[in-house]
Amino acid sequence: MAHQLKEKFKSVCPAGVSFASLRYVQETTEVIGMRRGVLEPIDKTIDRGVMVTVFVNGGMGYAATADLTESGLKKAFSKAMDWAHRSNGKMVFDPSTLNMPHSTGTYRSTVQRGWTDVSFSEKLDLLRGIDEALPIDERIIDWSSSLMSVRTESLYLTNEGGEVHQEWEMLAPDMMAVAHHEGQTQKRSFGSRGISQQTGWEVFDRVDYRDAGPRIASEAIQLLEAPDCPTGNMDLILMPDQMMLQIHESIGHPLELDRILGDERNYAGTSFVTMDMFGSFQYGSDLLNVTFDPDVPEEFASYAFDDNGTPAEKSYLIRNGMLERPLGAAISQHRSNMAGVANSRACSWNRPPMDRMANLNIEPGDKSLDELVASVERGVLMHTNTSWSIDDSRNKFQFGCEMGELIENGERKGIVKNPNYRGISATFWKALKGVANRESFEVLGTPYCGKGEPNQVIRVGHASPACLFGNIDVFGGA
Amino acid sequence: MQKHFMELADFLTSQMRGDEVYTSYLTAEDSDFVRINHGQIRQPGSVSQANLQLRLLQGKRQCSVTVGLIGDLEADKAQLRAQLHDLRELLPHLPEDPHLLINESVDNSEHIETNELPTTADMVDNILKESTGLDCVGILASGSNYRAFANSFGQRNWFSSHNFNWDWSLVHSVDKAVKSGYAGKEWDSNVFASKMKDAKAQLKLLARPSKTLKPGSVRAYLSPVALSEILDLLSWSGFGLASHKNKTTPLLGLLEGNQRLSPQFSLQEDVVGGVAPDFQSDGFRRPSQVSLIEEGRLSGALISPRSAKEFGAQTTGANGGESPDSLAVTAGDLPTADVLKELGTGVWIGNLWYLNYSDRTAGRMTGMTRFATFWVENGEIVAPLNVMRFDDTIHRMLGSELEALTVERDLLLSASTYYNRSTGSSRLPGVLLKDFAFTL
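Listed in order, the protein sequences are those of chains A and B. If you number the first sequence the way my numbering does, the last residue is 478 and the count never jumps. If you number the second sequence the way my numbering does, the last residue is 1440 and the count never jumps.
Honestly, the hints are just simulated from the structure, not real lab data. Be aware that one or more of the hints could be misleading.
To be verified - Computed cross-link-like contacts, DSSO-like style, restricted to lysine-lysine with a CA-CA straight-line distance of at most 30 Å:
1. B:K1077 - A:K10
2. B:K1197 - B:K1245
3. A:K44 - B:K1060
4. A:K430 - B:K1214
5. B:K1185 - A:K433
Unchecked claim - Where chain A lies over chain B, by a calculated footprint (3+ residues, C-beta under 8 Å):
6. 1044-1056
7. 1165-1172
8. 1218-1230
9. 1267-1276
10. 1342-1348
11. 1362-1370
12. 1386-1398
Being a predicted model, the structure only gives us computed values, none of them experimental. Heads up, the beta-carbon is just placed ideally off N, CA and C, and yes, glycines get one too.
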């Protein structure tokens, strides 16, 4: 396919353009799920197509098609050219002044045992074992487990010899148990696909999935019997499966340069961060170190080049609490005259790239989780995100978790239900007073980050240790 | 596209062997998308895509695959033939599905709209002209949308629509903006000019010094758009039979009979009043209306074929996720023209944003005010409001604190373009609340 596309691209790439590209994507997604002992309908999707993009004078245009014949590509270029001519001189930035990259290179996920190397019966046996382990009590009224596999190939070609070929293989296991008794319902999950990684079957050697069923179900039952999360200002420890959401919403989105430039103000929103804050704004306490890191092999959004062909490398966005660099790719960097990162990404062939998060991580600290807990006089430790809400400037937030644990005098005192907390991004990270070390560090990710017009849902990775925050507004349910 | 789909359907029928059955569902579009920022073009382009879900059944076994159609008949026949081969290989390895329900009675339909759209480039020119001197940001989506179903029993359903949706904001400064929408089948520059005039009038109000409220309770009015955000959240596992049976619905209080919403509040899935196709991906037709809440009491659920089989109920032709496409709230008796007067002193809320649950099964939710939201005193708009977080229950908002619903209802066409252009809509009044809880 790659060779054929290269030949066709050479043949149909229009003359008179300052830049032209073709981005081919083929993605196969399979979900196998079991619910209450019944195999859910097998769901497989094979999505394939190209997006062509052209810059002509002061205009640009794109067109996306699944017709990969030479005539199909020609028609797509014709549409893109038409848009470029019609938008000439009417653009929010001038494409004629922009030097797009023409990179060459490859990337491939590190996989030991691929999804297609595992028999269907082995996959089914895994799910059946979990399905049998979840209903531990008659109060467990619903339960399910599933595996989602995604295999993606992309080829990016440009009119000046750029050629980037990348292949990813990803796996996202999940399970959940719903407990109900006397009008009350509680749910516990494996993270609602929060453990999404670039990996093959070996992920089950890294994460405790096979044996997690009884724990998940037991915690759902314990939540039914637990007291509500206490209300008040107190210490808060967030485990990595909640830190993932906290990083995503109140660091990742506000640092997206296209938001800061106003592109998202009609939909995803603006940002409380402004361009003049980079280099001078203390985002968090000096314990806060945040990196854009596309080099973690198993992390969900690792890659060698972004969807505009820019080589990707690890960069500090926040160092010792100081805001250094935005999440902005080539076009946003050009518009703002700021340095950024290689994060121009599209969810598939049918949507244009824009500034996205990719892998956004918190660097580990030097305390053990036990030491963080021991330092808390009164507080709550929270596991696994279940609710997220934040204002359109990414400042005032309220997040909820599936399960909490009360901490008193440095000891865990038992489970509390419906744990929630509120804060304001601009001040919340300054309350960071402990970052755990690599022992609690987890590489997580989610397939579900929504943004953009037209709308796009994309994969992101977040790795973090547990973190301790002081004097946070915590509360329970009902 | 219709001819192509029907020829593929006949081809698939010809490929069935023995007691094999197939169903297929098409989701396709030819769309233009033009992003605008600062009154200029940010990203213009076109997307042509067609995805066909092919499901193969034999007895009580089933499996399916979704493929992107190429558009060439012979090429698409070849890829479907190959996919059928793979499905046949997999099918014997699958256990029987006790929740399988298919529609064996042929129920054909055809909905074809004429295409009255001008070129997208012409609409963009009109938008740029009206936006001169304004900080305008948004998305114009325009083009053709297709949905279709076919099976080997001979059923054929076709739906095509051609429309535009210009969803935009005029920004005063930072997060102070007026959000508007103009959607339809024929672009009328006079109608658009009128909508821009209304937006500009609100923009002037945003220029006044803004007010910051302390957390606490206030009297409030929610516009139809703001109400739609609350109903959108409830639509996430709120109205489906599966969520009722596993007790995860935020309507649990109503389901268990210990809570009731306001007798003024009635809600339906109003297929006949919406713009979505009246068939779903398994080939079941949808009734013209499904009552969900009647005078404050739970009166029904959206039921997918799978849930119908599992729980012994009658399907309402709901999709697999049992989410609504065409919600309608029964109108009240408050004329919209009297809203400010009846509100007196309180908050007029144009939009809510980013709602989620604080305690799902208790019906407690949180979210933000967004866009044009004003502080009102003695029936007069006094100041724009800085964004506030609310945290309140549906039992209060749509129950004890619901004072009135407006006479007029707005038809809100979804601007969602995740994966493909939505055919969803809602028809909603505004809501006057005696009390609304802000927390941050």
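Evaluated hints:
1. B:K1077 - A:K10: holds (28 Å)
2. B:K1197 - B:K1245: Cα-Cα ~49 Å, so violated.
3. A:K44 - B:K1060: holds (19 Å)
4. A:K430 - B:K1214: With a Cα-Cα distance of about 23 Å, the restraint between K430 (chain A) and K1214 (chain B) holds, given a limit of 30 Å.
5. B:K1185 - A:K433: violated (56 Å)
6. 1044-1056: Since three or more residues must qualify, the claim that chain A covers the segment 1044-1056 of chain B holds, with 9 doing so at under 8 Å.
7. 1165-1172: Result for this restraint: holds, n = 4.
8. 1218-1230: Contact hint for the segment 1218-1230 of chain B vs chain A: violated, 0 residues under 8 Å.
9. 1267-1276: That given contact is violated, which follows from only 0 residues of the segment 1267-1276 of chain B lying within Cβ reach (below 8 Å) of chain A.
10. 1342-1348: violated (count 0)
11. 1362-1370: holds (count 6)
12. 1386-1398: Since 3 is at least three, the answer is holds.
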